[in-house]
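Positions -17 to 114 (this note's numbering) are the ones given, in order, by the sequence shown.
Note that these hints are calculated values from the structure, not bench results.
None of the values given here were measured: they were computed from a predicted structure.
Incorrect hints may have been included.
[What the hints assert, rightly or not] Here are the simulated distance ranges between beta carbons: (1) I88 with V25: 31 to 37 Å; (2) I(-9) with R111: 52 to 58 Å; (3) T12 with R111: 39 to 45 Å; (4) F71 with G102: 28 to 34 Å; (5) L105 with D80: 30 to 36 Å; (6) R(-5) with I24: 41 to 47 Å.
A virtual CB, placed ideally from N, CA and C, is assigned to each residue, including glycine.
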Amino acid sequence: MTTTRTSLIFTGRIRSVRFAVKGIATVLQTQHNAWVHAAATIVVISLGLAVGLSAAEWCWIVLAMMSVWAAEALNTAVEFLTDVASPNFNPTAGNAKDVAAGAVLIAALGAIVIGFLVLGPHLLVLIRRIRI
């Protein structure tokens, strides 16, 4: 592969990353629930650091957070595309938005369960120490 071809591939990857970061920024700027997810992410990371989660426990926490953020991003994309495809009210378009929002809810509920399963025992130990 020539140097020019390699540099084109590399610059193309950099551009792709820039577009992806712009997409994440769009989610944060346009979706109120993304701020709730951001706050929850900060709280969970802080709690995980405070109780000293193991690497395996962090894997579950990161997977849970990632699933919620990915679902929120996909939900945002569905909303934008649906608004373009059907600017006037359409029950089927509404169903598409509802299903996408439901996916975020499923991911968030699953993340809450994982959070309780992983952080719960650590927090109970911490609470018992404080009481004594």
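Here is what the structure says about each hint:
no.: 1; hint: I88 with V25: 31 to 37 Å; result: 21 Å, violated
no.: 2; hint: I(-9) with R111: 52 to 58 Å; result: 54 Å, holds
no.: 3; hint: T12 with R111: 39 to 45 Å; result: 43 Å, holds
no.: 4; hint: F71 with G102: 28 to 34 Å; result: 43 Å, violated
no.: 5; hint: L105 with D80: 30 to 36 Å; result: 34 Å, holds
no.: 6; hint: R(-5) with I24: 41 to 47 Å; result: 29 Å, violated
When held up to the earlier numbered hints, the structure conflicts with 1, 4 and 6 and fits the remainder.
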